[in-house]
Amino acid sequence: MDSTFQLFPESASQIADRVDALYLFLVAVALFFTFLICVLILYFGVKYRRGSLAERGNPPRSNLLELAWAVVPFLLSMVMFVWGADVFYDIKTPPADALQIDVVGKQWMWKVHHPGGQSEINQLHVPLGRPVRLRMVSEDVIHSFYIPAFRVKQDVLPGYYTQMWFQPDRAGTYHLFCAEYCGTEHAQMIGSVIVLEQDAFADWLSGETGDPPEVAGARLFERHRCGSCHKAQGGSGPSLAGVFGRRVPLKSGESIVADEQYLRSSILNPQQHIVAGFQPLMPSYQGQLNESDVLKIIAYMKTLEGNASASGEDTGDGNDQPPETEN
Amino acid sequence: MSTISPTVDTHAGHGDDHGHHHDPGFVRKYLFSTDHKVIGIQFLITTLLMLMVGGALALGVRWQLAFPWESMPFFGPLFASQGGQISPEFYTMLFTMHATVMIFLVIIPILAGAFGNFLIPLMIGADDMAFPTLNMLSYWFMWPAILFFGLSFLFGGGPAAGWTSYPVLAALAEAAPGSGGAQTCWLIAVTFIGVSSMMGSVNYMTTIINMRAPGMTLFRMPLTIWSMFITAILQAFALPVLTAAGFMLVFDRLPWSVHSTFFVPSGLVVNNAEPTVGGGQPLLWQHLFWFYSHPAVYIMLLPAMGMVSDMLACMSRKPIFGYKPMVYSMAAIAGLGFIVWGHHMFTSGMNPALGMTFMISTIMIALPSAVKVFNWIGTIWGGRPQFNAVFLNCVAFVSLFIVGGLSGIFMAAVPVDIYIHDTYFIVAHFHYVLFGATLFGVFGAIQFWFPKMFGRTMSDTIGKWHFVLTFIGFNGTFFPMHLLGVAGMPRRYADPYLHPYLEHLLPMNQLMTISAILMGFAQFLLLFNFLYSMRFGEKCSRNPWNANGLEWVAPSPPPHGNFESVPVVYRGPYEYSHPDHSDDYWLQTEPPGAQPGAKPQAAPA
Ligand code: HEC
Ligand code: HEM
Ligand SMILES: [Cu+2]
Ligand SMILES: [Cu+2]
Chain R
1 MDSTFQLFPE
11 SASQIADRVD
21 ALYLFLVAVA
31 LFFTFLICVL
41 ILYFGVKYRR
51 GSLAERGNPP
61 RSNLLELAWA
71 VVPFLLSMVM
81 FVWGADVFYD
91 IKTPPADALQ
101 IDVVGKQWMW
111 KVHHPGGQSE
121 INQLHVPLGR
131 PVRLRMVSED
141 VIHSFYIPAF
151 RVKQDVLPGY
161 YTQMWFQPDR
171 AGTYHLFCAE
181 YCGTEHAQMI
191 GSVIVLEQDA
201 FADWLSGETG
211 DPPEVAGARL
221 FERHRCGSCH
231 KAQGGSGPSL
241 AGVFGRRVPL
251 KSGESIVADE
261 QYLRSSILNP
271 QQHIVAGFQP
281 LMPSYQGQLN
291 ESDVLKIIAY
301 MKTLEGNASA
311 SGEDTGDGND
321 QPPETEN
Chain E
1 MSTISPTVDT
11 HAGHGDDHGH
21 HHDPGFVRKY
31 LFSTDHKVIG
41 IQFLITTLLM
51 LMVGGALALG
61 VRWQLAFPWE
71 SMPFFGPLFA
81 SQGGQISPEF
91 YTMLFTMHAT
101 VMIFLVIIPI
111 LAGAFGNFLI
121 PLMIGADDMA
131 FPTLNMLSYW
141 FMWPAILFFG
151 LSFLFGGGPA
161 AGWTSYPVLA
171 ALAEAAPGSG
181 GAQTCWLIAV
191 TFIGVSSMMG
201 SVNYMTTIIN
211 MRAPGMTLFR
221 MPLTIWSMFI
231 TAILQAFALP
241 VLTAAGFMLV
251 FDRLPWSVHS
261 TFFVPSGLVV
271 NNAEPTVGGG
281 QPLLWQHLFW
291 FYSHPAVYIM
301 LLPAMGMVSD
311 MLACMSRKPI
321 FGYKPMVYSM
331 AAIAGLGFIV
341 WGHHMFTSGM
351 NPALGMTFMI
361 STIMIALPSA
371 VKVFNWIGTI
381 WGGRPQFNAV
391 FLNCVAFVSL
401 FIVGGLSGIF
411 MAAVPVDIYI
421 HDTYFIVAHF
431 HYVLFGATLF
441 GVFGAIQFWF
451 PKMFGRTMSD
461 TIGKWHFVLT
471 FIGFNGTFFP
481 MHLLGVAGMP
491 RRYADPYLHP
501 YLEHLLPMNQ
511 LMTISAILMG
521 FAQFLLLFNF
531 LYSMRFGEKC
541 SRNPWNANGL
551 EWVAPSPPPH
561 GNFESVPVVY
571 RGPYEYSHPD
581 HSDDYWLQTE
591 PPGAQPGAKP
601 QAAPA
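Protein chains in written order, with my numbering: chain R, 1 to 327; chain E, 1 to 605.
For the record, the hints were derived by calculation from the structure and aren't laboratory data. In this text, all values refer to a predicted model and were calculated from it rather than measured experimentally. C-beta atoms are modelled at their ideal positions from N, C-alpha and C, and glycine is treated no differently. Be a bit skeptical, because a hint or two may be false.
[What the hints assert, rightly or not] Going by beta-carbon spacing under 10 Å, a handful of chain R positions derived as facing chain E:
#, residue
1, P9
2, L26
3, V87
4, S138
5, Y181
6, I274
All chains should be built: construct the whole structure from the sequences, respecting the hints.
Set out below in structure tokens:
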């Protein structure tokens with residue numbers, strides 16, 4: 001690899017240049033004040049050094065000077081805030097049509113699941129020029145998904161879905177780091193992000209095998225006999241038809257929107273929320289289903305339509321996405 | 001300069017106490033002493049030793065970053081079985097313990113413990129702290145902490161979850177070799193340090209409120225005292241949160257089935273162990289930890305700001321510029337310091353709306369800092385600064401603080417922080433403020449108050465050499481870290497060069513390590529200067545710097561009880577080069593209208 005020093009890493013996403021612009025503005029402000037102050041200190045230090053005959057006295061009591069010293073930093077800081085807030089807002093708001101890819105972190109590797117069922121390890125293939133949204137979760141400790149060339153970073157938490165988005169605007173291979181210290185081999189939790197032209201990406205996808213997550217999820221649903229309790233009606237558990245995105249009344253009297261986070265905890269930690277009118281009979285699937293499996297079952301549950309039977313094989317063909325919920 | 005005649009009778013009957021200080025034995029006098037000066041010096045010597053320990057650990061880290069997997073000098077033979085290479089486990093332990101030692105055993109206790117103890121009673125004209133026994137205990141509670149940090153090495157090679165000890169890594173023994181008993185020891189040790197600080201904090205607040213000499217009104221207090229006072233308040237409010245969080249984490253770690261799950265979510269399979277059960281939130285720890293640790297960074301800075309203000313005024317022979325704004329800006333920094341902790345968590349998954357709030361409060365905290373910088377410059381402006389080791393260290397304090405404060409702004413702007421968070425940029429930032437500002441301030445303060453501690457002066461020439469070498473070494477070590485961070489190099493990597501992407505940074509890392517070694521060796525000058533001057537330094541009078549504070553009225557070194565008689569204060573501590581006075585300094589105790597150059601009232605010859 002080329003080992004000449006380069007200050008700025010390459011930039012390859014729609015947000016990178018905006019982050020760099022803000023950064024350069026801050027560099028300019030910082031350099032200005034550092035030089036101003038260091039020069040003043042040296043100048044006064046030498047001019048008034050003990051033994052010199054310079055005229056002494058306090059700094060002139062100039063209101064203008066004092067006002068400037070208070071107002072200029074204040075205005076600058078407001079510029080920083082507004083500018084920063086603007087970019088931050090866009091970093092945190094994925095467009096609705098973003099391609100959603102799942103990322104599961106564990107000590108010390110990244111597992112990636114594409115919506116078409118393709119999976120990869122320590123690699124992430126993404127199409128050029130399309131917004132990509134990553135939904136991320138960890139199986140053990142906290143990790144952090146960091147792609148310097150895209151100027152993005154997001155911690156990957158255990159037990160909680162976080163998300164991050166970017167839109168690659170230059171094809172190539174970029175580095176992927178884990179940025180949150182996660183144990184002995186933290187430095188080896190590395191990988192690459194490969195940005196392909198749309199056609200090449202489609203080729204790549206078709207060359208990989210794997211069942212779409214909802215199909216794999218249906219199989220898991222079957223294998224773990226979820227359907228034995230979750231029937232269309234008359235089961236010991238609530239019907240799961242149309243569960244995603246609906247408002248679920250809870251035994252505690254509250255109600256909660258069944259987003260991905262809720263579905264995950266219903267499977268791994270069923271005691272946390274009990275659906276009104278049901279007994280806490282559901283067993284926990286901790287240890288039997290890993291995070292990747294849970295993501296697949298959630299994908300399957302999303303396909304269950306309002307009045308379809310929830311008991312097994314027929315996955316339904318409609319894929320009406322219920323309203324996305326923010327987490 | 002108001003010259004209200006002070007009411008002397010507040011401490012009536014106090015003065016004749018001093019007759020009763022009889023000579024205690026060696027143990028009572030030097031080991032289990034309740035004299036604030038002895039305790040302060042005990043703290044100082046302990047923390048300076050710990051500085052050496054922490055420095056050695058840091059050099060281990062630097063060695064690996066510059067010469068990865070090459071046998072380390074001194075440490076290498078410990079790993080003979082691996083051909084002298086250190087292991088990644090050992091590397092993670094090195095950076096964890098480096099930060100732990102530096103923060104909990106050096107910076108916090110050297111400011112509050114060493115200088116707080118030594119200076120508070122002297123500068124406010126008291127004979128000792130309000131609770132001398134508590135004061136002694138606060139020193140001796142450091143030792144169980146040191147013991148537990150030491151003990152932790154018996155378990156799996158030492159704690160290795162970073163000084164921030166984020167769960168789940170720090171909560172489950174399976175997560176890393178250092179997350180077993182070593183982590184429990186670490187938490188217990190930190191709790192002891194917390195108790196020690198808390199004892200100090202209560203004592204300082206009480207002492208400063210109740211034991212000021214007659215005439216020492218709040219706004220005649222030196223800025224050192226103000227800073228110690230504000231620091232004590234910060235400690236009193238922030239520390240309980242850390243202590244509570246520490247206990248919660250210890251409970252989470254209990255091996256029996258009764259253990260709690262504050263921070264551990266359910267269903268995690270760590271290192272093939274049984275899945276975890278519970279419903280905890282790892283982010284809770286981050287909130288609690290930073291709710292303490294952000295105010296704590298000001299605990300690690302404000303006292304140095306106060307001391308530098310006093311030293312700069314004295315060395316420039318000029319009143320501090322803007323005394324009250326200095327006090328108010330310290331108070332503002334302390335207040336705002338409680339509502340910015342989330343800036344450590346911008347990428348943590350915290351709600352983005354909260355991120356916006358923390359961005360604005362963090363940017364705001366830079367403004368009172370700017371006021372202080374302006375006032376320090378205003379103090380030199382038109383003064384008569386003398387380029388001795390004290391002044392040089394103070395100037396380094398101011399200029400390095402600016403660099404650290406401005407890099408703080410980079411991280412306050414969230415989009416930029418998202419990019420540089422957990423990279424070397426962060427490491428650069430906090431070394432500029434903690435080492436660059438605080439430690440240079442401390443070096444100056446050692447040189448400045450050494451005569452009062454031991455009755456002898458330190459060598460100015462060695463002090464200057466120490467300063468120059470440390471300053472060069474410091475910038476050589478830490479400035480390039482900004483560049484590494486912007487180039488994308490993450491922190492806490494045992495081997496960054498596994499990534500071809502980072503290979504081009506190796507030469508710069510080597511330069512940094514060489515600078516760090518230079519800087520490490522420069523500290524032997526300080527050690528030598530300190531030890532040599534203790535025995536052989538030039539003897540000095542009560543007031544070798546011609547300063548104004550009350551501590552300079554007492555003999556050098558002050559006896560048990562400090563002052564021969566209760567000092568009476570007539571003015572603030574910054575009346576340097578006053579037009580109404582013939583000397584260029586005007587002791588706080590000198591009655592108005594007294595003959596120029598007359599002996600101060602409190603020190604009858
Ligand atoms: C022993 C019977 C049983 C089995 C087997 C079972 N569940 Fe449940 N499940 C329940 C019951 C009872 C409830 C309602 C009480 C509660 O919320 O815990 C429920 C609730 C749920 C909910 C929340 C439904 C809502 O309307 O909010 C989801 C989602 C769910 N289960 C998914 C699954 C999945 C996926 C599986 C298979 C991996 C599964 N369950 C297996 C009994 C079962
Ligand atoms: C001008 C004022 C300051 C601002 C705006 C500021 C801002 C910040 C921010 C935003 C971070 C988090 C960066 C990240 O992790 O992504 C940070 C980290 C840090 N700051 Fe500051 N800071 C300031 C002053 C100080 C001072 C005075 C100190 C200490 C004396 C200090 C010590 C630290 C430390 C120790 C960390 C890193 C902790 C860690 O992650 O290990 N900062 N600062
Ligand atoms: Cu990691
Ligand atoms: Cu902070």
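Comparing the hints with the structure gives:
For the restraint placing P9/R at the interface with chain E, the shortest Cβ-Cβ distance is roughly 5 Å, inside the 10 Å limit, so the hint holds. With a least beta-carbon distance of about 5 Å to chain E, the hint placing L26/R at the interface is held under the 10 Å criterion. Hint status for V87/R: holds, given a least beta-carbon distance of 4 Å to chain E, under 10 Å. The interface hint given for S138/R holds, since its Cβ lies 8 Å from the closest Cβ of chain E, which is under the 10 Å cut-off.
At about 4 Å, the closest approach between the beta carbon of Y181/R and any beta carbon in chain E falls short of 10 Å, and the interface hint on this residue holds. Residue-level restraint check for I274/R is violated (minimum Cβ-Cβ distance to chain E is 13 Å; threshold 10 Å).
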